[in-house]
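Chains as they are written, first to last, in this note's numbering: chain C, 1 to 359; chain S, 1001 to 1161; chain R, 2001 to 2101.
It is worth saying that the hints were derived from the structure and are not from the lab. One thing to keep in mind: the hints can contain errors.
Computed beta-carbon distance windows for the label pairs [unchecked claim]:
(1) R:Gly2074 to C:Asp216: 20 to 30 Å
(2) C:Val177 to R:Arg2002: 14 to 24 Å
(3) C:Lys99 to S:Gly1107: 33 to 43 Å
(4) R:Ile2050 to S:Leu1103: 27 to 37 Å
(5) R:Gly2096 to C:Asp101: 19 to 29 Å
(6) C:Val177 to R:Ile2050: 49 to 59 Å
With a Cα cut of at most 27 Å, we get these calculated DSS-like pairs of lysine-lysine [what the hints assert, rightly or not]:
(7) C:Lys225 to C:Lys266
(8) C:Lys178 to S:Lys1066
(9) C:Lys2 to C:Lys120
(10) S:Lys1020 to C:Lys59
(11) S:Lys1004 to C:Lys348
(12) C:Lys152 to S:Lys1024
(13) S:Lys1024 to C:Lys59
(14) C:Lys148 to R:Lys2014
(15) C:Lys59 to C:Lys355
(16) C:Lys120 to R:Lys2014
(17) C:Lys66 to S:Lys1024
(18) C:Lys225 to C:Lys348
(19) C:Lys178 to S:Lys1020
(20) S:Lys1020 to S:Lys1066
(21) S:Lys1158 to S:Lys1127
(22) C:Lys148 to C:Lys2
(23) S:Lys1136 to S:Lys1158
(24) S:Lys1024 to S:Lys1127
(25) C:Lys105 to C:Lys178
(26) C:Lys178 to C:Lys266
(27) S:Lys1136 to C:Lys66
(28) R:Lys2004 to C:Lys99
(29) R:Lys2097 to C:Lys99
(30) C:Lys99 to C:Lys152
(31) C:Lys178 to C:Lys152
(32) C:Lys148 to S:Lys1024
(33) R:Lys2004 to C:Lys120
(34) S:Lys1158 to R:Lys2097
(35) S:Lys1020 to C:Lys54
(36) C:Lys66 to R:Lys2097
(37) R:Lys2045 to C:Lys210
(38) S:Lys1158 to C:Lys152
(39) S:Lys1122 to C:Lys59
(40) C:Lys66 to R:Lys2004
From the three backbone atoms N, C-alpha and C, an ideal C-beta is built for every residue, glycine too.
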Amino acid sequence: MKRAEFVIIGAGPAGLRAAKSLLDAGAKVLIIDRSDLLGGQLTKQTHMFFGSEKQHASKRGIDILKLMVDAIIEHENLEIITNATVVGLYKDFVIGYVKADVYYKIQADSIILATGASEKAIPFENNDLPGVYAAGAVQTLMNVYGVKPGEKVLMVGSGNIGLIVAYQLMQAGVEVVKLIEAASHIGGYLVHASKIKRLGVDICTNMSVKRALGKDHVEAVEIWKLDAQWKGIEGTEETLEVDTICMAVGLAPLTELLQQLGAEVKYVRELGGNVPVINQQFKTSIDGVYACGDVAGIEEASSAMMAGEIAGIEAALSRGYDVENAANRLNELREDLSNLRNGPHGEKIRAGLAKLGVL
Amino acid sequence: MIEKTGVPSKDLIESIFPDKVVLKKPKAIIECYKEIPCNPCSTSCPFDAIHVPEDINVRPEIDFDKCTGCGICVYNCPGLAITVMQLQNGKVSIKLPYEFTPLPTVGEMVNVMNRAGEVITKGEITKVQLTDKMNKTALIHMVIDEIYLHEAITIEVKHGR
Amino acid sequence: MRIKEHPILTFEAKEEIQFYYNGERIVGYRGDTIASALHAAGVKKLSESIHQQRPRGFYCAIGNCASCNMEVNGVPNVRTCITPLEANMDVRQQVGKGRVR
């Protein structure tokens, strides 16, 4: 069987940054990703990032991705397998993946899971109609493939993803008819909310979807007001003519492979669902297996990059590699990460990490 | 109100504006009302006029004595939350960030929007800047009547691509 | 439904690729996934639910949700949202769980 020293599953911000740390330490790295593009969700982030200069703040996500890829792509110790889906992860660190209908196996010494997350949905009548799309998926369709999801969109969810994708829909020439939010307050950054509101997109809180209308695809949507218990109020229905309903209602970590491996997983609502129990080193309950990025708790791309770098350094150290200035760099990264999580928008993640015992 | 609709209250808006005398020269007006982990306004400022402390969640503070109204923070702010405003002869000169196509052209009269997304007046475009270092965020210069100082925030996006 | 003008991104003219959707000839671009090419051509319904035959379309775009599974070149359950488009692909809406030919 083919062997690899370090295998990273997922080539998003966490995986790519972990790869950089390991390569810098002199290790050999194999990255596997199911898409044909490197970068995970960074491939479509056309907006400027927040944070500080160290996290490339003010640069656009797509430009940050280019920097990250350029930093490793020519490295002789790096192997990348794209269009390959990892379908099995076993206790002897055998990784099974499928590429072009062929099943391959590879055995690793150490594994870093950076599998990211999947978008959630919410229940309503006809929520399976074509035209009801996840917000991140719409972003991919527009910003990676240059295809509009439709002409008139209802955005559901006012977290940063909902607010940012609403803005990006407008940049693509799509009309955003309204943005609704079930909670009583806007969830994402207010600067993002103000940015779409001043261009004429109404943001309505305490509102949700009652049902989608249409036969083969969405032709309209009925929305209604919610009471304090988030129950729809009869008589408050409003029908909007839209061809797309964009769901930005949260993300769930993709922990299936970790569970297959037998790593300890815990349900932590604040982190998005089932997350691996990790320690300060981003090591899971299994020696030699690390988890970083959204798979270890839903956060921002900036934090995923820092987590990836920490996981990469720790994984290298654990196998005896000499990482230059490791202690200082790890301290600095941990400080930056906690700084990023320090504000009111970091409250949820702090609560989640406290439940995991890593804060 | 802003946390429900995205529209800041009148008090909130007025709290970020300096005295009208100060606005005889162009000054950055920063609409960053809630703590978020972000500091490019501060690090991009060549005049050390905007400060965000080590805890980058703290809201930026501007020193209007040092601010020259150059507009560099306007296109560096990831939240597009900064404009530059100046009062001149009963008019307001505004520099605002813009990320839509097509860009307006110099001399064009455009619809000016308030923070609630309503068209409030017409403005004349006086300059359109978009260089490589601005990385796709254009700086639109526009002149409007002084009475809209606290209301005008952006221009209407042209549809029909 | 292609984006022609964009303030941040440039969508350069790409090589056109012909493929088949339920036997009908459709044009997509090199670099498309099967699903993005179909969507651009106005095809929103990609599959049907197994028991009630309800229409299903694109949902996650990361190869996770199975809503876009189609039969491609006779192979069922191909995740069209992450499968690159190739010339002359025979893409079909599959029936039920699909048949292995």
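Looking back at the numbered hints, which does the structure fail to meet, lowest number first? Hints 3, 4, 6, 7, 8, 9, 10, 12, 13, 15, 16, 17, 19, 22, 25, 26, 28, 30, 32, 33, 34, 35, 36 and 39 are the ones this structure does not satisfy, whereas the remaining hints hold.
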